[in-house]
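Knowing the structure of chain A, use the given hints to seat chain B on it.
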Amino acid sequence: MRVMLMRTCLADHVAPSVVDATRRLLEGLGVEVEVPRAQTCCGQPGWTAGHPDRAREVARQCLRAFAGPDPVVVPSGSCAAMVVHGYPQLFDGCPEAASAADMAGRTFELTAFLRDHGLVPTAPSDAPPSVTHHDSCHMLRMLHEHEAPRAVLAAAGVEVRELPDADVCCGFGGAFSLAFPEVSGALGAQKAQNAAATGADTLVGCDLSCLMHIAGCAHREGIALRVRHVAEVLEP
Amino acid sequence: VSDRPVGYGEGPPLRERTRRAVADRTLRGNLASSAASWAAGRRRMRDEQDFDAMRDRARAIRTENIRRLPELLEQLSERVIANGGYVMRAPTRDAAATYIVNLARAEGATVVAKSKSMASEEIKLNEALEAAGVRVVETDMGEWILQLAEERPSHIVAPAVHKNRAEIAELFRRESGEDIPDDREALIAHARRRLREDFAAAEIGVSGVNIGVAETGTLCVMENEGNARLVTALPRIHVAIMGAERVVADWDEAAHILQILPMAAIGDDASTYVNLISGPRREGETDGPQELHLIILDGGRMSLRGTRFEEALHCIRCGACLYSCPMWRTVGGQAYDSPYSGPIGAVITPLLEGTSSPRATELPFLSSLCGACHDACPVGIPLHDLLVRLRGEVRTRPHRRRDRVMRLWSTAWRRPAVYRAGVRLTRLGLRILGRRRSWVTRLPGPAGRWTSQRDLPTRWPPR
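Chains as they are written, first to last, in the numbering used here: chain A, 1 to 236; chain B, 1001 to 1463.
Next up, chain B with everything else stripped away, as it sits in the complex:
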């Protein structure tokens, strides 16, 4: 099935993007402080809660959810329809975006207000709506900052986490021409004032869905700012976009996921708001949208069931693996050039986009396989194992070329005599180098990538 890519397709190859990010000292400072505050929250939470036991239960819930996925989606759809909503099963990102654009056209909508939704980023909804002449307003503080800055999200939960307060204040001043001081309250007040106007004007509100509860057809939308409540209640039409894997069977399961998600994400056992949406406005009710459209996005998800990558569907998009990842902390999410960054982004971007996509398949290699992501994951996804497996599935020309080189390696190293000859040669080479110096600071060819960053001792233990 041809579909729009998951990644943005912007900027140079991954290596160059990471090189630039490493050189950006402000960025690295911002990432380090955000990761440090996340880690502090997690330590606090681990002291208070039995996280390991909670994770085991969450993992069991998600395993069963994905095993029963077709059935649960069927049930969820039936209930949403029974509650008065519409359900669209979108096989592709393209189909999902087209549905919403058509809806906006039919409605004659001029403004669409959005709360945070990674699925909407995945389907490139803003671009599609803007191309159709509809103004899109992001109402999540982080997303709004990025919209003003014309940037991509760097984190699943905290999209503007790569920016510090001074940078945000400067952005607001430049955009508004107003004199806005560099403090949190003033920045929030400014955003609130500006966004209220747009809430009132929007004909359509678009939200994501954290989890759908099959037994009652309820859509759960977690947030900390109250904007999602307005987006899902004020406009005449509410469109909710849900990744097809984000369904649980019942409220017992939902309660557990709604608790462990913020624990993993921010170290608290509740988010500020949890919106539970069970249908559009009913007769006699005074608020709520007149129409509710649930879009269930496949986009490559369903075909992962029953494969060695099925566990990627367990993800509840908490963003903990990003904060935990030394690579994400060093380069930030924008270097991934995908709505989904960090370890989970490096796994699902190529899985959803295809293992022959040259850009998406660079991502699984941006990991030292340290496994910190697995430790951080509230549903126990073995991300480091998935990364290795995924590397083995890459079907691109450069990877096939590397495979030919590795064939030489395996041909030699499965033969002890050839291997030992190589060992003797290497030791001889190091001895010759070591006659003149204890450290090599520059090597030719591919080995130069080692000495571009670090010296090589010609003898061990080094002197």
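Next up, chain A with everything else stripped away, as it sits in the complex:
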């Protein structure tokens, strides 16, 4: 099986280790991974900030970069949701509407892709014995994906402890985190506290953006919390 990997702009800039881990994880499970050179960003920053014209310019490049029949795998629920849920709206009435719908139909968040194809990673020897999982909102409510990361982690032999108020937003919200930093910070600190209270070794999630925010809040508040992207935990 062949897939195209979307690096995501955030991981590309600040956490290439997440991209590398995702790639090794997929390849280790026998998936052929192509990383299109022409990819940049899905356009979400412009879309959610209220600049649809600017977002379309960037998203068009995304459509071009990921043209073709292969599934697109994304180590981010939010970027995947932008393509699956956002593109049909962003390109509504545009010439690219059909190719946007096509891409939306073959774009998958990483753990959902693994689950759908029965790909079960083996937990590495240094995997944390227990984790707690942060549900990112776009994955939970736009992709309606609650089970996939839990199922994949459990199948790999990692204990998942439920996070109290798991369905409450961590307060990141893209530009929201900069527009209303106090509100964002208050929610992030609460999330970090809840995660630490589970006693799990590591907080994992499928969205680097939320995780950077929660990790940053935890560090600021002096809350000891190890934070990893789910691919980094599963990749031997």
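Treat the hints as calculated values from the structure; they're not laboratory data.
From the three backbone atoms N, C-alpha and C, an ideal C-beta is built for every residue, glycine too.
Careful, some of the hints might be misleading.
Unchecked claim - Not the full set, but computed from the structure, chain B residues with beta-carbon under 7 Å of chain A:
#	residue
1	Ala1270
2	Leu1369
3	Trp1439
4	Val1440
The following block gives chain B in isolation, referenced to the frame of chain A:
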């Protein structure tokens, strides 16, 4: 059409209002406990009822209601008139308020008793009546508390939910000079005693309308305290203010909405009272008002039909999206500076006031787009999608300035080579920063808004 704004226009810009609210620990405690009890009610209700199926039906009803809106309003008006009432179609908030002020003047009214009505807040009725020398008495417990405190409502259904019992008792003691203990029964008894006098004195009663039933011309007013029953029955004149979108075709639809509204609002499938008002007192009847005036408020609603924002008109004002919203729970409704707060407030305030209003158009940005509001909504309004669309419609100077910045962004990021150069530069910068420390605690410029609240790891995974 020029009209009075929906928002109150009070206080500093939104960011500063949210900053102050976050710093108020009592407020956050009160909001958290109210949201927690709402969530518990909703969980109970979800266990007992097939909420998803009920929501799908409510959504279908409301979609059809709004599609047929002009026709249903016509029918409702005809029936209300046939039942002996008067109907005023108010194109603007201004027109609605002026109508009631003129009515009060013609009647020589000195006291107007009100039950809870968000539409009356929207038209700024209290200010208008008071300016005309009429005393206004709020008879809903929450609204009365706010009237005494000179505050604005923080929730569509539970306007004083941001206050705890101790704060309310203290307010009552200060206002009355009486020694009122800090318990629920005593507080309610005090309000009841005080308000009875005003019910008796009022010449006009003003209520809202939850839904109007077109087939019979019946106005449904839901409540939990019995005050709306008095307001709509005791004074000589009853004025009912209804948002133009709040109409259903028949009793089959009405029964469904009357059930799902309290389910979403408080987790119960019935409110304590449902007043069904089909006209003024008829010959031979012993109670009820002698005149009934229905004001159907447009105020920008009708022009939303057929737009990408039409679904905002499906709203039945249950307040569930407020309780579900992490932002509302953190800052409360007053920070929105509009009668309508939370996700639905952030959508309809700018839609009704206009997308070039600088204050109203700040509101759609007060959301992380988490979508909890959509989950909570009993009529399935995709509030998170409407918020995004609305952000794209903002036509203010600061937003146009931001658009110019975003133009630089899109110019660079639609070109892979330029994009990759930026990636290399960012990684280099982080490597340089990371030589000395694992975390950055202070950044200059706009990035300082990140580090004002949280540290930035210079490498991932962070150490």
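Going down the list of hints, with the structure as the test:
no.	hint	in the structure
1	Ala1270	violated, 27 Å
2	Leu1369	holds, 6 Å
3	Trp1439	holds, 6 Å
4	Val1440	violated, 9 Å
In the structure shown, a violation is registered for the earlier hints numbered 1 and 4, in ascending order.
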